[in-house]
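> What follows is the residue order along each chain.
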Amino acid sequence: MSIWILRLAAFLYLGAAAAYVAHFAKPRLVRAASIGQVLVSIAFVVHGTSIGFACSEFRGAEFFTLRGGLVMTAWLAAGGLLALLRFYHLPAVGTFVTPLILLALGPALFGRAGEIGPVPDVVRLPALKLHIGAVSLGIALFTIAFGVAVMYLLQEREVKGKRFGALFSRLPSLESLDRLTQRLVRAGFVVFTVGIVLGSIVAQKAWGSFWTWDAQLIFALAVWVLYGAMVQLRHNGVHGRRYALLTLAGFALVLTLIGIGQVPGLTQHQGTFQARSGGAS
Amino acid sequence: MKDVVLVGLSHKSAPIAVREKVAFSGDALRDALVHLKSHDGVAEAMVISTCNRVEVYVTGQGSYQAARRFFLDRAEEAGPHLYEHCGPDAARHLFRVAASLDSMVLGEQQILGQVKEAYGVASAAQAAGSFFSRLCNRAFATAKRVRTETDIGRGATSMSQVAVELVEKIFGDLKGRSIVLVGAGKMGALSAKALASLGADRILVTNRSPERAVALAEQVGGEARPWAQLPELLVEADVAIVSTGAPHYVITPDLVQVAMKARRNRSLCLIDLAVPRNVDPACSERSDVYAYDVDDLQKVVDATREARAGEAVRAEAIVEAEVMAFAAERESRAALPVLAMLRRQAEEIAKAEAERTLAALGEKLDEKGRRSVEAMARAIVNKLLHGPTARLKEAAGSGDQVLPGAAAALFGLDEPNKEPRPAAEGPGPTGQVVVLSEKR
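Chains A and B, in that order, give the protein sequences. Under the working numbering, the first residue of the first sequence carries the number 1, and numbering increases by one thereafter. Under the working numbering, the first residue of the second sequence carries the number 1, and numbering increases by one thereafter.
Derived from the structure by calculation, the hints contain no laboratory data. Among the hints, erroneous ones may be present.
Said to hold, decoys possible - The list that follows gives simulated cross-link-like pairs (lysine-lysine, BS3-like), each with its CA atoms no further than 30 Å apart:
1) B:K175 / B:K299
2) B:K21 / B:K37
3) B:K12 / B:K144
4) B:K175 / A:K162
5) B:K368 / B:K383
6) B:K116 / B:K144
7) A:K162 / B:K186
8) B:K175 / B:K193
9) B:K175 / A:K160
10) A:K160 / B:K393
11) B:K175 / B:K21
12) A:K26 / B:K299
13) A:K26 / A:K160
14) B:K368 / B:K261
15) A:K162 / B:K364
16) B:K144 / B:K299
17) A:K160 / B:K186
18) B:K261 / B:K193
19) B:K144 / B:K186
20) B:K193 / B:K299
21) A:K26 / B:K175
22) B:K351 / A:K162
23) A:K160 / B:K299
24) B:K368 / B:K351
25) B:K175 / B:K186
26) B:K116 / B:K12
27) B:K193 / B:K116
28) A:K26 / B:K383
29) A:K160 / B:K368
30) B:K393 / B:K351
31) A:K162 / B:K261
Please put together the full structure from these sequences, using the hints given.
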């Protein structure tokens, strides 16, 4: 059931992306941008409904898997995008972020549903739900920041390289893109920090210790340190191109963090709580 | 559309020495229109006079001679520079002018306003009547279509516009920021003024000679600073416009290096309008420093012109379509007087008969009943005339003159062509402009 609703949401995101791309290609089509925004709003609601159905279908266990995690992240990214468009008049951001949302939905739409084993007891912990939510939101914000940083680098190439081509007139000003990247990184960092703290609380309850030298946990720490450093570096005057490149590097690390969860035997983090807690007792 | 005649000269046909002799504005323009109109055989007249063109549009027999005289009386030497069009060609020319396809800078926006003003003056002087009202409204609508359906108005066409566009793409706006004007070049002052439109807080001016700095500061509405403060000014301001007469680099990479450190790497935009250059091109090697010279700006101007020339092809197609539509509308109007008379006659009969019936009935009917009778009379007229109306409109569209004549004879209408067309329209040309443009 939930997968059909999700497919509908993906279809709406596709329409939104098409509308935003049309607006980007032909800025005279002002309507296209508003159509895009309306479609994202509807898709966001439909997507949320799908997540609600998934929760009742799988009792939340779906969100331990990559597919579920990405579905959640994509949903939060869509919400973040809507909030952003509400406060900034930058429809071009929609052009760059809606395709990322579609990409994140890919595995859930086209991949084969894996076996979801018995639901572990630890799912009932409210801290775990919050942990998953906060980490997903943090990653969603980092994803939007990545999209905006790409826009910055493209625009910088135009402005600095004196090209003044089609992108020059369509992309927003460097200053606004830079400021937006920085705000997204800062917000993402705060949320991600909360997620990590909650994660260690869950780990303490499930595994008996706040910290384990697990591959995925190490990468999570690396992500946290890098974005934390970026927040600090901002105060030291790092901005513009270097900041955008750091945002790209941070996102690469985020992707690695997600990827590690898919390598069998490399991490004990996702979906193996029962085994670990069983072993500990 | 035989009767509209255009005689004129423009930047394409005549040198400025001739144009300035025939150009005029304000009261002189109104007097000239009245004078034109006083000629025998001139029905309506309109004159567009800008620094790039003087064009006389007239209708009526003998209008061509009057329009030619208009120029030759002012300057004998204008003769060989004049171009003349009539009928659809004259309309096409006006549409192209209004849509800025005939401008020196293709797609510039001023000309439409100037044409509107020319029409306003002509109609205020009662030189322009219903024909020019329709013609000009078509021209304005054409210009609007061209502007919205093509990209002919896009891009920057002057160096100071390019500078504004660049700064906009770097900083967004300049609220809370300052511009520093280094040197007293004329282009620099122009650009500083243009940039101030982005909301800059202050314009700081510096020059080797303090007196000139003060004078220039007054001119652009800024504050003068001593030349020795240049390094600090590069920290204070976000945009530097450099145009000194110095034959060497005034802004060097070392100077920028120091400034950027003090700025904590906040972006700095250097616009070099001087030849020879005043800003060392090596300055832009540092990230967050954006340096442009005259060639860079000129390249953008050239690119815009090229792009606009491409868009002009599409704009010409729109103009052509509008000229055709105008001609068709014009022809269809020829048959409309018959239709109008037919309707008027029928409605008068219906009204008279309804009144007679109501008078005969006296007080037997209440208000509702009376209204029903009137409505019935109107309905019968409408039903009866529905077919003939459609047929007559159709004939008008295809230019058929036989059917209107037959209809006039059949229904016993007076000669339709006796009624002069311009008088059929109401006065108040400015009001018409609004109404007609809303219809589109």
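> State for each hint whether it applies.
Here is how each hint holds up against the structure:
1. The suggested pairing of K175 (chain B) with K299 (chain B) holds, with an alpha-carbon distance near 28 Å, which does not exceed 30 Å.
2. Between K21 (chain B) and K37 (chain B), the direct Cα distance comes to roughly 21 Å. Compliance with the 30 Å bound is thereby established for this hinted pair.
3. A hinted pair counts as satisfied when its Cα atoms are at most 30 Å apart, and K12 (chain B) with K144 (chain B) qualifies at roughly 24 Å.
4. At most 30 Å may separate the alpha-carbon atoms for a hinted pair to count; K175 (chain B) and K162 (chain A) meet this at roughly 24 Å.
5. Restraint check for K368 (chain B) and K383 (chain B): the C-alpha separation of about 22 Å stays at or below 30 Å, so the hint holds.
6. Note on K116 (chain B) and K144 (chain B): the hinted pairing holds, with a Cα-Cα distance of about 12 Å set against a maximum of 30 Å.
7. A threshold of 30 Å between alpha carbons decides the hint, and for K162 (chain A) with K186 (chain B) the separation of about 24 Å falls inside it, so the pair holds.
8. Proposed proximity of K175 (chain B) and K193 (chain B) is supported: the alpha carbons are some 15 Å apart, at most 30 Å.
9. Straight-line distance between C-alpha atoms of K175 (chain B) and K160 (chain A) comes to about 22 Å, which keeps the hinted pair within the 30 Å bound.
10. For the hint pairing K160 (chain A) with K393 (chain B), the CA-to-CA distance comes to about 62 Å; that exceeds 30 Å, so the pair is violated.
11. The straight-line distance between the Cα atoms of K175 (chain B) and K21 (chain B) is roughly 45 Å, outside the 30 Å bound, and the hint therefore fails.
12. As the CA atoms of K26 (chain A) and K299 (chain B) are separated by approximately 23 Å, the hinted pair is consistent with the 30 Å bound.
13. About 24 Å separates the Cα atoms of K26 (chain A) and K160 (chain A), which keeps this hinted pair within 30 Å; it holds.
14. Straight-line distance between C-alpha atoms of K368 (chain B) and K261 (chain B) comes to about 88 Å, which puts the hinted pair past the 30 Å bound.
15. At roughly 88 Å between alpha-carbon atoms, K162 (chain A) and K364 (chain B) are farther apart than 30 Å, so this suggested pair is violated.
16. Among the hinted pairs, K144 (chain B) with K299 (chain B) is consistent with the structure: their alpha-carbon atoms are about 28 Å apart, no more than 30 Å.
17. For the hint pairing K160 (chain A) with K186 (chain B), the CA-to-CA distance comes to about 26 Å; that is within 30 Å, so the pair holds.
18. For the suggested pair K261 (chain B) and K193 (chain B), the alpha carbons sit about 28 Å apart, so the restraint of at most 30 Å is met.
19. A hinted pair counts as satisfied when its Cα atoms are at most 30 Å apart, and K144 (chain B) with K186 (chain B) does not qualify at roughly 34 Å.
20. Restraint check for K193 (chain B) and K299 (chain B): satisfied, since their Cα atoms lie roughly 22 Å apart, inside the 30 Å limit.
21. Only pairs whose Cα atoms come within 30 Å are accepted, and K26 (chain A) paired with K175 (chain B) is accepted, the gap being roughly 29 Å.
22. For the proposed pair K351 (chain B) and K162 (chain A), the alpha carbon gap of about 75 Å is over 30 Å, so the pair is violated.
23. For the proposed pair K160 (chain A) and K299 (chain B), the alpha carbon gap of about 14 Å is at most 30 Å, so the pair holds.
24. Of the supplied pair hints, the one linking K368 (chain B) and K351 (chain B) holds, its CA atoms being roughly 17 Å apart against a limit of 30 Å.
25. Taking the CA atoms of K175 (chain B) and K186 (chain B), the gap is near 25 Å; set against the 30 Å cutoff, the hint holds.
26. Only pairs whose Cα atoms come within 30 Å are accepted, and K116 (chain B) paired with K12 (chain B) is accepted, the gap being roughly 22 Å.
27. Our distance criterion of 30 Å between C-alpha atoms is met by K193 (chain B) and K116 (chain B), whose separation comes to about 28 Å.
28. Distance hint between K26 (chain A) and K383 (chain B) is unfulfilled; the C-alpha atoms sit about 49 Å from each other, more than 30 Å.
29. Among the hinted pairs, K160 (chain A) with K368 (chain B) is inconsistent with the structure: their alpha-carbon atoms are about 78 Å apart, more than 30 Å.
30. The suggested pairing of K393 (chain B) with K351 (chain B) holds, with an alpha-carbon distance near 24 Å, which does not exceed 30 Å.
31. Distance hint between K162 (chain A) and K261 (chain B) is fulfilled; the C-alpha atoms sit about 24 Å from each other, no more than 30 Å.
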